[in-house]
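*Asks:* One letter stands for each residue in the lines below.
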Amino acid sequence: NAGVTQTPKFRVLKTGQSMTLLCAQDMNHEYMYWYRQDPGMGLRLIHYSVGEGTTAKGEVPDGYNVSRLKKQNFLLGLESAAPSQTSVYFCASSYARGRDEKLFFGSGTQLSVL
Amino acid sequence: EDQVTQSPEALRLQEGESSSLNCSYTVSGLRGLFWYRQDPGKGPEFLFTLYSAGEEKEKERLKATLTKKESFLHITAPKPEDSATYLCAAGDTGANNLFFGTGTRLTVIP
Chain A
1 NAGVTQTPKF RVLKTGQSMT LLCAQDMNHE YMYWYRQDPG MGLRLIHYSV
51 GEGTTAKGEV PDGYNVSRLK KQNFLLGLES AAPSQTSVYF CASSYARGRD
101 EKLFFGSGTQ LSVL
Chain B
1 EDQVTQSPEA LRLQEGESSS LNCSYTVSGL RGLFWYRQDP GKGPEFLFTL
51 YSAGEEKEKE RLKATLTKKE SFLHITAPKP EDSATYLCAA GDTGANNLFF
101 GTGTRLTVIP
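Chains A and B are the protein sequences, given in the same order. Residue numbering for the first sequence follows the numbering used here, starting at 1 and increasing by one per position. Residue numbering for the second sequence follows the numbering used here, starting at 1 and increasing by one per position.
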């Protein structure tokens with residue numbers, strides 16, 4: 001059982017380049033999330049999805065776009081990378097919100113923007 | 001403003017030396033208080049969810065408790081394999097995201 005799989009694990013970009021991070025989950029979860037983790041700061045929500053075909057902004061959405069064309073996949077795009085987007089990115093999924101809210105996280109993507 | 005603060009930032013314990021980690025939270029309406037464990041280079045792993053003041057949950061050497069303003073993660077007789085960063089997060093009934101603290105980095109020395 002793979003759980004939540006993120007690709008790639010590491011990436012280096014130059015300022016202005018674009019890229020897409022892929023997240024796949026095999027647990028049939030409705031909810032999917034993209035977080036970033038920076039030193040000295042807690043995990044911050046970038047965008048999330050409450051089901052196939054839906055997306056919504058989180059706490060820090062600027063500079064990112066997302067798509068959820070299939071229930072199992074959630075893509076995070078950077079159209080024009082900036083050094084401030086250097087971070088570790090985590091994808092997560094959950095079956096529900098509220099009483100059964102339990103996030104399953106991927107292993108993360110280390111992104112460096114030069 | 002929703003906020004989660006964890007203390008201490010780092011904690012070093014001798015094997016078998018019990019202690020507690022603190023998580024203070026401010027939300028308008030709590031939909032859940034969550035504890036996660038994160039090992040270096042990995043994503044957070046779910047430990048507990050607490051929903052109301054007075055609730056307690058246990059798992060092996062870990063016990064989580066909740067009051068109206070704080071949650072504690074008690075570690076009893078820790079072992080080196082308990083070394084990790086422990087994250088606390090609060091869910092607000094009026095918001096869609098979880099608010100994470102910055103974590104407590106626990107090191108257990110053999």
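Source of the hints: derived by calculation from the structure; they are not laboratory data. Among these hints, one or two may not hold up.
In silico negatives: residues of chain B with every beta carbon more than 10 Å from chain A [said to hold, decoys possible]:
| id | residue |
| --- | --- |
| 1 | Q14 |
| 2 | E15 |
| 3 | S19 |
| 4 | P44 |
| 5 | E56 |
| 6 | R61 |
| 7 | K69 |
| 8 | F72 |
| 9 | A77 |
| 10 | K79 |
| 11 | T102 |
Heads up, incomplete: computed chain B residues facing chain A, CB under 10 Å, no partners named [what the hints assert, rightly or not]:
| id | residue |
| --- | --- |
| 12 | L11 |
| 13 | R12 |
| 14 | L13 |
| 15 | V27 |
| 16 | G32 |
| 17 | Y36 |
| 18 | G91 |
| 19 | N96 |
| 20 | F99 |
In this text the structure is predicted, and so the values were computed from the model without any measurement. Glycine included, each C-beta is placed from N, C-alpha and C at the ideal position.
*Asks:* All the hints need checking, so say for each whether the structure fits it.
*Replies:* Evaluation of the provided hints:
The claim that B/Q14 is not at the interface with chain A holds, since no C-beta of that chain comes within 10 Å of its own (minimum 27 Å). Annotated as non-interface, B/E15 keeps its C-beta farther than 10 Å from every C-beta of chain A; the closest such distance is 28 Å. Distance check on B/S19: its Cβ is at least 22 Å (rounded) from any Cβ of chain A, clearing the 10 Å threshold; non-interface status holds. Some Cβ of chain A comes within 10 Å of the Cβ of B/P44; the nearest lies about 5 Å off, and the non-interface call is violated.
Every CB of chain A lies more than 10 Å from the CB of B/E56, the least distance being 17 Å, so the non-interface label holds. Even its closest Cβ contact with chain A, about 21 Å, leaves B/R61 beyond 10 Å, as expected for a residue assigned away from the interface. Every CB of chain A lies more than 10 Å from the CB of B/K69, the least distance being 18 Å, so the non-interface label holds. At roughly 18 Å, the least C-beta separation between B/F72 and chain A is larger than 10 Å, which holds for a residue marked as non-interface.
Once the 10 Å rule is applied to beta carbons, B/A77 is consistent with being away from chain A; the minimum gap is 27 Å. For B/K79, the non-interface assignment is confirmed: its Cβ lies about 24 Å from the closest Cβ of chain A, beyond the 10 Å cut-off. Its beta-carbon lying about 5 Å from the closest one in chain A, B/T102 breaks the requirement of being farther than 10 Å from that chain. Hint on B/L11 is violated. Least Cβ distance to chain A is approximately 17 Å, over the 10 Å limit.
Interface hint status for B/R12: violated, as the beta-carbon distance to the closest one in chain A is roughly 19 Å, over 10 Å. A least Cβ separation of about 23 Å between B/L13 and chain A goes past the 10 Å threshold, and the interface hint is therefore violated. Checking B/V27 against chain A by beta carbon gives a least distance of about 14 Å; that is not within 10 Å, so the hint is violated. The criterion of a C-beta within 10 Å of any C-beta in chain A is met by B/G32, whose closest approach is roughly 6 Å, and the hint holds.
A least Cβ separation of about 8 Å between B/Y36 and chain A falls short of the 10 Å threshold, and the interface hint therefore holds. Look at B/G91: its Cβ gets to within about 7 Å of chain A, closer than 10 Å, so that hint holds up. With 10 Å as the threshold, the beta carbon of B/N96 comes within range of chain A, its nearest partner Cβ sitting at about 7 Å, so the hint holds. The interface hint given for B/F99 is met, as the beta carbon of that residue sits about 7 Å from the closest beta carbon of chain A, less than 10 Å.
In summary, the numbered hints that this structure violates are 4, 11, 12, 13, 14, 15.
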